[in-house]
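**Student:** One line per chain: the protein sequences are A, B, Z and D, in this order. Reading the first sequence from the start, the letters are residues 2 to 354 in the numbering used here. Reading the second sequence from the start, the letters are residues 3 to 130 in the numbering used here. Reading the third sequence from the start, the letters are residues 126 to 454 in the numbering used here. Reading the fourth sequence from the start, the letters are residues 777 to 1346 in the numbering used here.
Be careful, since some hints might not be right.
[To be verified] Here are the computed distance ranges between Cβ atoms for each label pair: (1) Y76/B <-> I1013/D: 38 to 48 Å; (2) L57/B <-> L404/Z: 18 to 28 Å; (3) G47/A <-> Y76/B: 19 to 29 Å.
Just so you know, the hints here were simulated from the structure itself, not pulled from any lab data. Fair warning: this is a prediction, and the values are worked out from it, not measured in the lab. Note that CB positions come from ideal geometry on N, CA and C, so glycine has one too.
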Amino acid sequence: MNLTLLAQSDRTIFMPEPASTIAGTVDGIFYFIFYVSLFFFVLIVGLMFFFIVRYRQRTPGEGPKTQITHNTPLEILWSVLPTFLLVAMFWLGFVGFLDMRTVPKDAYEIRVDAKKWTWEFIYPNGIGHPELHVPVDRPVRLVMYSQDVIHSCYIPAFRVKRDVVPGRYSELWFTANKVGEYRLVCAEYCGEGHSDMFAKVVVHPAGTFEDWLATADPLSALSDEQYVEFMADPQAFIDKYKDDPEIGENVQRLKVPALLGKALYEKKGCSQCHTIDGTDLPDKGPTWKGLFGKTETFSDGSSVVVDRDYIAESIREPGKRIVAGRQNIMPKPRVSDRELRQIVEFIKSLQSD
Amino acid sequence: MADQVQHGSDQPRVGHLVPWTTLLLTCFALMCLTVLTVYVAEYVDLGRFNIWLALIIATLKASLVCLYFMHLRYDRSFNAIVLIVAILTLMLFIGLALLDTNSYADELYRPDWDNFAPAITQQRDLAP
Amino acid sequence: MADAVQTNAQPHADAHAHPSNLQHHFDTPAQQFDASKFGMWLFLSTEVLFFSGLFLFYTVVRRHHPDAFALGSTFLDWRLGAINTLVLIASSLTMALGVYFAQRSMQRALVFCLVLTLIGAFTFMGIKYIEYSHKIHEQIVWGKWFNPTRGHEAAEHENAAPHGEVASQQDAEAAEPASGSHEPQPAAASAAPAAAIQSQPTAASTDSAPASEPALPIEQSGIMMAGNGPSGLAAGEEVEEKGEEPELDTYALAKQRKDVHLFLGVYFCLTGLHGIHVLAGIVMIICLLIGAIKGRYNSDYYTPIDVGGLYWHLVDLVWIFLFPLLYLV
Amino acid sequence: MSTLDASAAALPAADLPAGDNYLTCDRGFKSWAFTLDHKRIGVMYLTGILIFFMIGGLFALLVRTSLPVPGVAGQAKGPITAELYNKFFTLHGAIMVFIVIIPGIPAALGNFVLPLMLGAKDVAFPRINLMSFYFWCAGVVLALTSLVLGGVDTGWTFYTPYSTTTNTAVIPVVAGAFMLGFSSIFTGLNFIVTIHKLRPPEMGWFKMPLLLWAIYSTGIVQILATPVLGIILLLLIVERAVGIGIFDPALGGDPVLFQHFFWFYSHPAVYIMILPAMGVMSELLTVFSRRHIFGYSFIAYSSVAIAVFGFLVWGHHLFVSGQSNLLNTIFSAITFSVAVPSAIKVFNWLATLYKGSINLKTPMIYALGFIWIFGIGGLTGLFLGTLATDVHLHDTYFVVAHFHFVMAGTIFTFFGAVHYWWPKIMGKMYNEALGRWGAMLSMIGFNITFLAQFWMGSLGMPRRYFHYDPFFQPYHVASTIGAYIMGFGFLLTMICLVHSLFRGKRAAANPWGGVTLEWRTASPPPHYNFDRTPPVTDPYDFNLVRYNADTDAYDFIPAEERVAVPAGHH
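Bound-form chain A, shown alone:
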């Protein structure tokens, strides 16, 4: 909880520091309504107290000064006048809201994966990261999905909020116009860890975002030799370099590809049709246990030994060759090359005993 939101200077008395293009609009509308309400509140309560003092009952049983029962013109007046103000408020809010919902075409798209009780931000190059990093002065579009219950992505400094509903994509966009660190929180109650489900938002100065993105993936920080070494025996590589002054910090964030593959197996939904414990689902997909290196026969009679290329093919274009006895029911998942490699590593690791 070390980064305190709104520690910054230029926040107004009721609103947190504005850091996005729409924040100004929202604050404007907020304060407009605030002053209108203040006026009416002071008017009503002021009159009330005035009457209490001026017309209080002095002797018990004392009668009133008047008994007027109504005054239709007056009543119509104070029914109609506020209406104009209300229309004004509605209109301002409506226009402001449409701006919030109209995503610019060129917006930079980041996927947001919400689950109890963490946020993961998946950048266009396929890297998942627990922090939301965005370039300044550039429209960013978050495409969000939840894996369990409803969450809500709320960045107070940007004045944006959108529920993340399981079963559908929710989108949210903003243009951060102020470099700095802010806070993204979950606003829809999601259980025990609800209040701990927050993430750091970093707005990078112009040009530096790409650099961060390049180094965001620990693998990308490795030299080619190191990479080869890593793929050869990941665990040994990690143990060897994890205290290395230069890349140690990076290496600690490295994961064994097979493990990354297992995560993808869950996330990409492979687990729906493929088991990893050897049980075969006849009307679904083959089990992955012992699949690597096994010989598969296709419906056209030809056969192949399952290797990296075949797995790549059957993920990239599932319908191309159908193993005998299976239907062509595998959907086409979206996986980056790096993800593909990790999945292969995972399947490889599942040797039949």
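Place chains B, Z and D on chain A using the hints.
**Tutor:** The following block gives chains B, Z and D in isolation, referenced to the frame of chain A:
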């Protein structure tokens, strides 16, 4: 609202007597409409209008039941108003909720069906 | 103020003569009658909105999964639905006639009509029970337990663990609507539809089985299809012969699709809730019947019959909409 | 009207023979458990509701008690874990909304007052009335069951899919809410029929006390909205029990559908809560300023308008849950239109005070407090009805404070009404000083508590948070201090009421000088309400009564004397 107590001699002290012939006719009409709706659904193909036709017939049957079996036609008009208000509320509820359902149909995905297939593809029209 | 003590007792000895069946806080029978009817209509409007929720649910799901509905409804047999519609309409008629005879102070006719209405109600529940038990048997049920299996196949994988779960789950559900079906009428009444079904390829084979011995599936929940083995098998072969012809196999299709169960979910919710209302109606009619036999109702006082009739007609109304929406998609 | 009724009503209640009123005419447990007397049913409701108000308040204090320190992510605060905290606010919400506030004014006080105001002997369906009380009891029992089974952590809104997946005792509490819903439906139904069919012929719609207009509008909402809650709670139970997959996206269901169902009831429910309070306001303000209500018809119609609009605004709870822009716009627009009738009421009440003879008895303090509190509650609603600002404020403490200001408005008016009718219900006068202190303290504490929450809410503090950013600590501390002051205030109020039962002096028939029909009978009223059918008069014509210094109460002026009295003066 006619005062319920003053009716013809054959009338009960309160309420209204619906002749049994009317009831039988109503029942007969309902039976016929049932046969009709089945026939239309099974042997006439109007595409998506089948459902609407079926609903129209159902509404017809429902109003017959209300008017004659439930005496609504002879009853105090306020009871009819109650029913109508209820039906209007129902339509309001279903109507507005559907307006929403239709709008997000293209945001839906099924994690295990179309593995996170392309997100919201086209911008939906934003002006109401 | 001493007189106040007596005046407290007054309301029963009010200015106008106070008939025995007129409650103390009403002045005239007309006032009481109107109040009761008005109250019932208000209650019916709450019922309408109660069902509105399920109709919205139906519409939304149908909007998102139109094909699932088309496919799912093939698991329902519109003949049974139609018969039930006619049964309910008939019982509505007898109820309305009951009110008519009560208004004319014709005791015997009133009792007769109520008995007929009751028979209609039981017949309806009996047929519903046949439909339910058949769906349970073939695992044409809701949610993750949806796993359509033809009767004879069902007989084979009876040891499937989730399957037993479904059956037991299901019988809990089926048991209550079925409660009526121990009466003689439904078995008799259902013989006809069951026979009609036998000739139908798509219509499920095993309707006849529960019809012949209604109580059976409830006793042996998990392994009930074992009990139905023979009949299920016989009918199954018949289905297979028909299966030879190139007609699309809805069972396999439904298995592949992931959303057909939703239709069954809607089906069970709507018919289940309606069934519960029918049961309530049965209880109500029995009470009215007792009253009628005791001769409580006459042209001066028949409010319970009239108000009860309104409720029964509403049950009919709801079904009038359910039938096309569920069976004739 | 004959002189008889006047003289009868004019008799001071003090010399009523004991054993004559509805409380004493019949003794023993059974006489209460199976009573069909609307007054006794009302008293039973009142007792139960006051008890559960204290229990709900206790949970509120537990919530506030766990919040003065920010805490560390993932760690408990001493004995209080995040899970426990979630159960606290869930139970606070569920109890207060479903068990206390919704039946609060209509079921408890409405039951007692409504037939009296109509000069009727009872409600239309006494048995259904008793039945709905037992539904209420069943709901309470079920809620307590879930408490015994370890509580619920879904929040009072039971949002799916969280409520379908959490492993706490959801089903009992949902079933409880279902029962309470039906209790509410039958109460509303009963009152509507009563007002229609048992209204004396000479009392036209526009001669009814405004409270009856309010209760009538409430009844409409109860009848048309509550069933939808019933069905969705039923579906929720079915979903949890047998997994029907309606709300489960993995099975093709739609979790947001639940929110439509839920708010289609729960927004109108807000009006079920506030409308009767507004009705009570019209009674209190007139009686304690001795003024005829200003703009009767405007207030009457605005009640109906609020009830009708209430059905068209539920979607403003879904502005950020992905509802279509078109629908958001529609709902936002209609939401604003609700502000108009509310404003009309407030202005007319002010006009009623104008040139009145304002008597700051406890009920009046509550009534004036309502103008302040509802003023803030209503005006802050504008921020939330406005689309652009709602996106920022949604699900923050701003919303929490907003609806507490509105609903507590109901609670305070409820207590005002309890004090106002207490003499009539119990036949005892409460201690004025104690009553005033209770009122002032609870309202001051309330304002401290929730003004602080408005502030942190607009600064971005999300609701239902156990751990929070240390930046907000000062606000939370202030809020908690306020909560304790409020708690103490309500404690005083309770003491005041209980104390009056034992030490309070006998109440006169008409201690405040009201002219609605309930004041024309003894306090407490006889079993059949009226010894003679009371004459129907303008419910706000205070020239009908005269102050009597000996009894410190008001007497109805016999007709022939009243002819001499020039309007407007005594």
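**Student:** Determine for every hint whether it applies to the structure shown.
**Tutor:** Hints versus structure:
no., hint, result
1, Y76/B <-> I1013/D: 38 to 48 Å, "holds, 41 Å"
2, L57/B <-> L404/Z: 18 to 28 Å, "holds, 27 Å"
3, G47/A <-> Y76/B: 19 to 29 Å, "violated, 58 Å"
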